[in-house]
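Please build the complete structure, drawing on both the sequences and the hints.
Top line first, the protein sequences correspond to chains X, G and H. UniProt numbering applies: residue 1 is where the first sequence begins, and numbers increase by one. UniProt numbering applies: residue 1 is where the second sequence begins, and numbers increase by one. UniProt numbering applies: residue 1 is where the third sequence begins, and numbers increase by one.
For the record, the hints were derived by calculation from the structure and aren't laboratory data.
Far from chain X by the CB rule (all over 10 Å, computed), these chain G residues:
| id | residue |
| --- | --- |
| 1 | Ala40 |
| 2 | Ala88 |
| 3 | Gly119 |
| 4 | Ala144 |
| 5 | His168 |
| 6 | His170 |
| 7 | Glu174 |
| 8 | Ala303 |
| 9 | Glu351 |
| 10 | Tyr399 |
| 11 | Leu401 |
| 12 | Arg410 |
| 13 | Ala424 |
| 14 | Arg437 |
| 15 | Thr445 |
Dumping the calculated EDC-like pairs for lysine to aspartate or glutamate here, alpha-carbon to alpha-carbon at most 20 Å:
| id | chain 1 | residue 1 | chain 2 | residue 2 |
| --- | --- | --- | --- | --- |
| 16 | H | Lys185 | G | Glu17 |
| 17 | H | Lys185 | G | Glu386 |
| 18 | H | Lys149 | H | Glu93 |
| 19 | X | Lys25 | X | Asp35 |
| 20 | H | Lys149 | G | Glu367 |
| 21 | H | Lys149 | G | Glu47 |
| 22 | H | Lys149 | G | Glu368 |
| 23 | H | Lys149 | H | Glu110 |
| 24 | G | Lys463 | H | Glu41 |
| 25 | H | Lys185 | G | Glu385 |
| 26 | X | Lys206 | G | Glu185 |
| 27 | G | Lys298 | X | Asp6 |
| 28 | X | Lys206 | G | Asp161 |
| 29 | G | Lys378 | H | Glu97 |
| 30 | G | Lys464 | H | Glu38 |
| 31 | G | Lys81 | G | Glu278 |
| 32 | G | Lys378 | G | Glu368 |
| 33 | X | Lys206 | G | Glu162 |
| 34 | X | Lys25 | G | Glu69 |
| 35 | G | Lys378 | H | Glu93 |
| 36 | G | Lys130 | G | Glu116 |
| 37 | X | Lys206 | G | Glu23 |
| 38 | G | Lys9 | H | Glu188 |
Positions of the beta carbon are idealized from the N, C-alpha and C atoms, including for glycine.
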Amino acid sequence: MSAARDAILARLRQAIGRTGEEQAKAVETVRARLDNPRPNLVPAHTRLDREGRVALFCEKALAVSAEVERLARLTDAPAAVSAFLRRHDLPQKMVMAPEPMLDLAEWEQQPLLRVRRGTAAPDDAVGLTVAVAGIAETGTLMLASSREQPTLLAFLPETVIALLQAEDIDGAYEDSWQRLREGLGRPPRSVNLVTGPSRTGDVGQKIELGAHGPRRLLVLVVEEAFGEAGDAPR
Amino acid sequence: MQPTSHAFKQNAHEALENPVLQEALGGIRTGWQAARGRAAGALPEFEQLRDTGRDIKNHVLAHLDLYLEAFTAKVEEAGGKVHWARDAAEARTIVLELCREADARTVTKSKSMIAEEIGLNPWLEANDVKPVETDLGEYIIQLAGQPPSHLVGPAVHMTKDEVSDLFHKHHGGERLEEGGALVGEARRVLRQRYLEADVGITGANFLVAETGSIITVTNEGNAELTQGLPRTHICIASIEKIVPTMEDAFTLLRLLARSATGQEFSAYTTVMTGPKREEDLDGPREFHLVLLDNGRSKMVGSAFQEMLRCIRCGACMNHCPVYLAAGGHAYGWVYVGPMGSVLTPQFVGIEEAHPLPNASTFCGRCEEVCPVRIPLPKLMRHWREEQFNRQLNPPAARYGLALWGFVARRPRLYRLATGMAVGAMRLLGGRQGRMRRLPLAGGWTGTRDMPAPQGPTFMQAWKKRRGAGS
Amino acid sequence: MNTSPRVALFVTCLVDLFRPSVGFAAVKLLEQAGCRVEVPEAQTCCGQPAFNSGDRATATEMARRAVALLEPYDHVVVPSGSCAGMLRVHYPELLGEDPEWAGRARAVAERCHELVSFLADVMKVEGVEAALEGRVTYHDSCSGLRELKIRHQPRRLLETVEGLELVEMDDSEVCCGFGGTFCVKYPEISTRMVDDKVAAIDRSGAATVLAGDLGCLMNMAGRLKRLGSAVEVRHVAEVLAGELDAPSIGESGSREA
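Written out as structure tokens, the structure reads:
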């Protein structure tokens, strides 16, 4: 190992100055904490039933300038997306995560909407992705990179649309992270917690949207779980 | 950067005379300061979370060696490479070598105070690697050739008009007036830089030992583009940024944005674990973590250990009346405001930074809002003790204090001296009830009258009254 | 048998030197509340100037002297949040490592109070017999507010003063710029801070500004008078005790000017 590493650790050990017995105890304390992560204090207002979580999520997302629409089922998404693009005078064209589940939305319902699958290129104006969770506490989306979920999709385009199943909305950050941990073991390369569109206050302390990331964020909260209506379960 | 902390008083003088700067500083009161109050008030558990945040950080500092070992093992397990740096020079060399290995011409950078601390940009420039700041505030001050004046808003000292002039000068074209248009122009210019960059350099708000992850927090989304587009991602972070678990990170994240800008959560909190995996569709091929000590291991176990809890939210400066009058540049180095008054002497020496720990009325607002309850006035006082013990304060102040101490420890002499002082002051201005001038007190009477003593001292009057009464 | 508490008045350097009327007002208030007041003769300064200038040795020695002097009393009362904070918060810190003194310092600290909070919290005083016609605003001095949590006590008692209309100024909890030696080390910044305070006082429309610390009061009065303001500046104890014969801070007895 490097000399710098040894020197830094040696100085720390000297400064902390544990006895042999304390050392064994400290090693055990650290191992226990890392092997068995537990939530600290979680704000009480996040402890809600499903409808309460969805309502709080929508309220908080709206408060940070996201647009939110609640849809009954995934097949309602193409029409909602198309209408959203029209409303903002955007071309009917987008790049979409290669997530197979998204096929169940039946995009062909909107013949004018051109959809490319993959990660975003610099000239893509609109991206669509799927959030693995929503966090009611602050109206936050949790995006996780995978073979179906590129990360840049949520950052390069000026307009980002995220699909979120209502049942994936948790109360607090810890709840969503625990689901991720249980599902995957180690975290994916990139987990993005997204709370509203990109913003900056760096010019004259006034908030402007769309600094580097998206200027617009639309969250489509889908009531019915994605697999249920279609014939291809996830 | 070359520190000018020794010239704090002169720097502050210039700041007070600069109406444009004063206007910008005024915005902090009505902006971040007020927003922090609202956000803290809206979360019933906020004060308890501050206790928890403090405890997490204390726990980490007491086990820092062990957590660093656990964290770095996880980084390597995830395919990242860890580089340890004892000091600024070592860190700069490591970063430059990594840039050279990547054949880097330009690197994009997401805001990193550690990069400022080690003077990374001038070093890279001197070695033919062009760093481009992407945080809009950092980009603005990079164009202006200035150091940051605030932890969270590095260009908070500049008004929109100044940014208009600056962009006009550097970008050409027409001079844009409107905030949204200026942001849009920076977006266009910087988008190209992201795509050209060979290396992306970010800092980290937290390092998670449990998973070997780094966490960045931004509002702009620039950290994600900085690390996500180039082939190589270098993260530079200091050793005290460790937290044990993601749960601990979430506790501190609940405090961070509320304390900094009064937001409940920043727009982008990203947890990155290692480089791009085989199945991933994007992400950097290489991930390097530079772990910087630069004097921090010496702070562990010292009187200044508590400063290592700092999560760089800027609440202390947003609430500091001295910072809000003098601005960040007056502090003369990278770290400013109350946290800078404690940290800067660690890095540049107390001889250079001698005015900083004294530039406080000890009003205690910084400690009152610190999300991890750092006793900033106490730590500034520790520096004053260091100055006193090493006889670094001006001789006049030292002798004055010694004389006062001598008298104050001798009650009878003290009675005599106070009686005489009252007599003298009454001669000088008693009749008007106040004095416009007072020998040796020009610091006071330059702008204030000195109220005159009422008459004999309380102790004299009391003795007389009791003598008469009993 | 006398059950009334025996209280030591720690008068503070500034009151002793500049404004004995505050000391006498404190005595009156304490006696009205049923205390037996004594003024230990060997008291000097609490040591804060040394403490905040980094001279820990002198501060520690002064802390020992004060602890020894004050420990016989049931309570120690100080007409200043700053000096009371020194005794209550910082003495135990200064002497905490000293086995002989740590316990003694803590014991004195626990019995040490700033005047107004002592009246309200310990003596349970709910009102005063005093009158002052007009609008009054109250400045929260920093140590009292943040080290001793004094905020409501003075306001509640002031509300019981006949004729007094209490108005809040903006940023009443922001420092006035005094800060002990700070105000002479950094006069420009200090002046800027007191100017902000003066502006807040003016906007409140108050005819009188009160506070519980003579340092802050002299700073505010000094600036107000230099700017030619007619706003009167007084220690809160003077108003609560109804002791308004002395001219306000920075004014002379004769009003011909």
